[in-house]
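Novice: What follows is each chain in one-letter form.
Protein chains: 2
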Amino acid sequence: MDPVMMAIGFGLVAVLYGVLTSRQVLAASPGNARMQEIAKAIQEGAGAYLGKQYAAIGFVGVIMAVLVFVLLGPVEAGAFVLGAVLSGVTGFIGMNISVRANVRTAEAARLSLQAGLTMAFRSGAVTGMLVAGLALLAIAGYFYALVASGLAPTSRAVVNALVALSFGASLISIFARLGGGIFTKAADVGADMVGKNELGFDEDDDRNPGVIADNVGDNVGDCAGMAADLFETYVVTIGATMVLVALLVGGADAARLMTLPLLACGVCIVTSIIGTFFVRLGGGSIMGALYKGLLVTGVLSVPALWFATAMIFPDMNAVIGTAERSFTGRSLFYCMMVGLGVTALIVWITEYYTGTGYRPVQSIAKASDSGHGTNVIQGLAVSMESTAMPTLVIVVGIIATHQLAGLIGIAFAATAMLALAGMIVALDAYGPVTDNAGGIAEMAGLEAEVRERTDALDAVGNTTKAVTKGYAIGSAGLAALVLFATYTEDLAQFFADVPVDFSLSNPYVVVGLLLGALLPYLFGGMAMTAVGRTAQAVAQDIRAQFRENPGIATREVRPDYARTVGLVTAGAIREMIVPSLLPVLAPVVVYFAITAVAGQGNGFAALGALLMGVIVSGLFVAISMTSGGGAWDNAKKVIEQGAYGGKGSPAHQAAVTGDTVGDPYKDTAGPAVNPMIKITNIVALLLLAILAG
Amino acid sequence: MDPVMMAIGFGLVAVLYGVLTSRQVLAASPGNARMQEIAKAIQEGAGAYLGKQYAAIGFVGVIMAVLVFVLLGPVEAGAFVLGAVLSGVTGFIGMNISVRANVRTAEAARLSLQAGLTMAFRSGAVTGMLVAGLALLAIAGYFYALVASGLAPTSRAVVNALVALSFGASLISIFARLGGGIFTKAADVGADMVGKNELGFDEDDDRNPGVIADNVGDNVGDCAGMAADLFETYVVTIGATMVLVALLVGGADAARLMTLPLLACGVCIVTSIIGTFFVRLGGGSIMGALYKGLLVTGVLSVPALWFATAMIFPDMNAVIGTAERSFTGRSLFYCMMVGLGVTALIVWITEYYTGTGYRPVQSIAKASDSGHGTNVIQGLAVSMESTAMPTLVIVVGIIATHQLAGLIGIAFAATAMLALAGMIVALDAYGPVTDNAGGIAEMAGLEAEVRERTDALDAVGNTTKAVTKGYAIGSAGLAALVLFATYTEDLAQFFADVPVDFSLSNPYVVVGLLLGALLPYLFGGMAMTAVGRTAQAVAQDIRAQFRENPGIATREVRPDYARTVGLVTAGAIREMIVPSLLPVLAPVVVYFAITAVAGQGNGFAALGALLMGVIVSGLFVAISMTSGGGAWDNAKKVIEQGAYGGKGSPAHQAAVTGDTVGDPYKDTAGPAVNPMIKITNIVALLLLAILAG
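Those sequence lines, one after another, are chains A and B.
According to UniProt numbering, the first sequence is numbered sequentially starting from 1.
According to UniProt numbering, the second sequence is numbered sequentially starting from 1.
For reference, chain A alone in the conformation it holds in the complex (with noise of 0.2 Å):
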C-alpha cells in the first residue's frame, strides 16, 4: 500500500479519535447554573480573543499570502494559506474543547481525583491527537495532491511547497505562542499585583475583575498557542526532513525515502492513542499516570517504526549514498531510536530540573526563606545551569546520528522526536484544563476537597508543561541543523556560481552568527516588556474598578469581567506584532545588507551564520527560561505545602516574586522562541528561492 495514503489514514484515525474524545467530554455534566455561568463567561472572553488575534494574524497572513504568490506561485500560496489556516484551526479546536473541558473536570473532581484527571486528560489527548493529526494531514495530503498532479516528489515545485507549508504554520504559530503568551500572563501578574498583594484575595477569588481574563488566558495561551506552537514544530520538523531528502538523495531513492518520515508519524499517532488509555492512576502518583500513558506509547514507538522503516525498505541493509554519506535503512532506524532517547532523557532533565522533589526547585524554596532577591538569584542560577544536561543531550545526538547516517540520520532523530508530538502535547495540554477547573471550583464555592484536587492535578500541569517546552526547543535544535543543511543544499543547486565561505574565519560568518544571537534576547526583551507592560495596565484597570465600585469588595456589585478581558486583549495584540516581525524581517534585511556591503557570497554566508546563530542562542535562551520559569512555580508550591513557613509567610511572600517573574519567562518569551528560530530559517529558505526564481 502507498506509505503515503497510509499515513493520510494515519491522520484521519488521529482526527476521528479527537471527534470521539470531544463528544465524550462534552456529554460529561458541565456542574450546577453557577459553574456554567463562569465557564461561560471564560468561553466567551477566550472566543473574542482567538478572534480578534486571528483577525490581526490574518491581516499579516493575506498579505504574506500575496506576497508568496507572486514571488513564488499558486502552488506555494496555497500551501501556505494550508499551513496557516490549519495551524490556526488547531489552536482554535483546541481552546474549544478546553474551555469546556474546564469545568466539566470541575464536576467530575468532586467525584473523585481519577475521574477529574480521565476528563482533563481526555481533553488534552483531543488537542493532543488533533495537533499530530491535522498537521500529518496537511503535509501528506498536500505531498499527494502535488505529486498525483504530476510532479516529481523531489521536484523544486514540491521542495518549495513544503517550505511555504512550513512558513504558514510557523507564522500562525509565533503570532499565536506570543500574542497569546503576554496574554495569559499580563493577565496573570496584573490579577495577582491587585488581587494578591494589595487586597489579600486569593487566587481565583471572584470579586477580583481580572480573574476571569487570567482564567481565559489559560485557554488562549496554554492551550491555543502551545497547539500552535506544536503544530508548527511538527509540521516544519518532517517537512524538512523530506526537502533535505529530496535535496540529498538522488533519484528513486529519495520519492521512496522522502514518504518514511510520514509514515513513521503515522504509526506513532496509533502509539500514542494507545497510551492515552494508560494514563490511569492505579495507587500511583498522577505524574506516575502520565508517564505511564508516555512510557507505553515510546515503548511501542520501538516496532512500530521498526515496521514503518521495514516497509520503506525491504531490505534494511541496503545502502543509499549521498553526497554526504551512505546509510541504510537499519542505520536510519537507530537514529530514530536516537530520537526516543533524546526525548526520553530531555523529559527525564526537564522533570529533574522542574519538579518539586529535587535539589533545584527545593534550593530556590530554601533561598525564598532570606527573602525575594535570594529566591531570584537562586531562580536565575537553577535557569542557567539548567542549560547544560540538555544541551550535552542534543550534542550527544548530533554526533551518534551523524556518525549512523550523516545530516539525514539527524533529520530522522527529529522527526521520531516530532512523531509522539500527539502524546507529549496531551500531557501539556491537559494543564490549563484543570488550572480552569480550579478556579470555577473556587468561584462557584465548590467543596474544598475539589479545589484539593484540582490543585495537585495542576501542580503536575506545571511540570508537563516545562516539559513541552524543553521537548520543542529541544528538537528545534535538531531540526534547525536540518534547515541549515537546507540552506547550504539550497544555496548549493540555486548559486552554484556564487562561492559562498561559511568558514568560521570569515568575518561575515562572525557577524551572521553575533546578529542571530541578538535575536532571541531582541525578542526576549521585547516580550518581557510587554507582558510588565500589559499587566501594569491591567493592575490599574483592577484598582480603578474598586474604586468606581466598592460594592465589588464586599460581593454587592459583580465586577466587571469583560472589561478587564478587552483591556488584556487589546494589550496582547498591539504588543505582539512588532517581535513576531522580528524575525521575519531580519534575514531579508540581514541578506541584503551584507550584500550590499561585501557582495552577495559574504551576503549569503552572513545569512546562514545568521540561522546558526539564533539557534545556538536561542536554544539557551529558551531553555533557561523554561526551565527557570518551571522550577520558580514550583518552588512556590513547595512552599504552599508547608514548608518554610507555608502559605502567608514572608518565605511564600519571596516565592510568589518568583514565581512572577518565572510567569513571563516559560509562558511568554521563552516558548516563543521556538517559532522564531524556525521562522528565521524558514524565510531564508523562501529568500533563496525568490532570489532563484
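I should point out that these hints are in silico values taken from the structure, not numbers from a laboratory.
Where hints are given, some of them may not hold.
Stated by the list, open to error - No more than 25 Å apart at the CA atoms, straight line, and that leaves these computed lysine to any residue pairs for SDA-like:
#, chain 1, residue 1, chain 2, residue 2
1, A, K647, B, D369
2, B, K647, A, N197
3, B, K647, A, D369
4, A, K196, B, D369
5, B, K196, B, K637
6, A, K647, B, P650
7, B, K196, B, A553
Chain A is already provided as a structure; the job is to place chain B on it using the hints.
Specialist: What follows is chain B alone, placed relative to chain A:
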C-alpha cells in the same frame, strides 16, 4: 629611536605617575581616630582576603607554571610567571591605594565635593595607570628581552611566549574577578538581607557585623578584581595583535609592525595622564567632570595614534600584503579610529542603559511601583534589550575594519580600544573608593553632608563601573576574533597535513558552537549559586551574632567584624575554584573527546567552534548582566531620590530586591565572563603549541 624602548619608556612614565600620585594621596589627612580605626579594619580584612586568595591562586599557578615549563619550555614558563605575578601585583597595589584613599576621601569630602572627587579620582588614576603601565612594561619588556637575546620577533618562541604571558595574566584574572566578585556580593547581599530587611538598619550601620566585610568587598572585588581583569584584557589584546601580525605578515614588515601596538598603547598612556588633569567639576555635573577627562584623552589620542603609526610607517601609503588582504599605515590608522569610535559608542550606550535620566532605568523604577515581581521582570527585559546596540556597534566595527585592513584591521581596532585602558580604569576604580568613603562617613558619624557628597559621587560610580565592563566585553568581542584567527593560522602552520573543516555545515562545528555557548551559562549559573550560598552563610552568621550578643543592637558590644570577614573569605575562595577551572579544562576535554570520536580534524574544528561559541554567547550573557545590574542599581537610586514614594515605600522595597538580584549579575558573574572567554581561547592556543611540540 626603537619603538619598543619608547613603549617601555611610556610604561615607566605611567608607573612614575602612579608613584607620585599615590604619594599625593597618602600625604592627605586620614581623618580622626574613629575614621582611621574603621579604615584599618577594612585594610586588614582586604589584606587578609587578598593574601589568602593569592595563596590559593598561587597553588594553581605553580601547577600551571610547571605544566607550561614541562610541556613548552623555560621561555614560555617565564612569560607565564611574569604575566601572573604582574596581574596579581596590579590588583594588590590597586587595592592598597584604594583602602587608604577611602578614608582620605571621606575626610576631603568634609571640605567640598570637589575635594572628595579629586581624592577619589586620584586614587582611581593610580590604579588605572598602574594597570596600563605594568601591562605595557610586561609585554614590551619581555618582547624586548627575547629579541635582544637573538630570537626573531616572528619566531615561534616569541609567539608562544606572548601567548603564555597572556595565559598567566588571564588565569590570575579569572580567579581574582570571580573570587573578589563572590566576596563583595556575598557580603553585600548577606549584610543587606539581615541588616536592612530584618533589622531595619541603614546601609553601613556599624552595628551590622557584615558592614566591614561589605566595605572590604568593594576593594577586593570592584578594585583588585577589576584591575586584574583589565590588566588581562590589555595584555591579551596587545599580545594577540602582535601574534596575529607575526603569523599573517611575513618578514621584516612583521617585525616592524609588531611594535606598533606597543607604541600605540604607549602614546595613549600620555594622553590618559593628560586627561586625568581635566577631571574637574567646574560648575557641571560629576559625570560631566569625569567625561571631560575621557573626552580630552580620546581627542588627544587621535594625533597621538597618527604620530605612532607614522613612526612605524614612514610612508603611510606603502602597501603591506598578507595572504588575506593588503593594507597601509593609513588604513591601520583608520582602523584604530574605528576602535576609538567603538569605545565612545559603547560608553554612550552603557550610559543610556544605566544612567538615571533615561528610559531604561526609569522604566524599572516605574515597574517597582507595582511590586517586586514587575521590577525584576522589567529589569530582565532591560538587561536583554541592552545587548542590541553594543552588538550592532561591534558588528559595524568588524565590517568597517575588515573592509579597511582585513583581520589585522580588526586587531588594531581592539588595540586602540585598550590603549585608553588607563583612563577607563581610573573612572572605574574611583567608584569603590567613594563607596567606602560613604561607609566610613556613616560609621564614624560624620556630618550628613559628607554622606550626601559621597553618595552623589557613588551614584556616578555605578554608571562608570558598568561602562568599564561594557568596554571590556566589547573589546573582548573584537579580541576573540583575533584570537580565533590566531588559532586558525597556528593550525595551518602546525598541522598543515590535517584537513580541518570550519564550515558551519560540519556538524562538529555545530557541536563546538553549542558547547562553547554553554560555557557562559554554566559558569554564570555556578557564580550566581556561589553568591547565593555564601550570602546565606553570611546572613546566618549575622543573625547568630545578634543572638549571641544582644548588646550589639544597643551598641553596648562591638560586633565581631573579623569573624564575618573570615567567613566570607573562606566561602569566596572555596567557591571560586571550580567555575574558574571550567574554561581552562573545557577546551582540552572537548578536543580530546571529539578527536576520539571523529578524528583529529573534527577535534580541531570542534575546538575552534567552541572558541567562537563562547564569545557569541558570552558577549550577550556579559552585556545583559552588567548593563541590567547597573540599571537595577540606579533604579533604586531614582526611588531613593524621592520618586514613587522614596525611601521606605513599597516601591523602594521592590527596587531593593531588583538591586540585590543585579548585584551578582553585574559584579560577579557578568564581568568574570570576559576573562573566561579569553582564557578559553588562550588554552586552545597553548594546546596547539603543545600538541605540535
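Novice: Could you check the structure against the hints above and give me the numbers of any it violates, in ascending order?
Specialist: none
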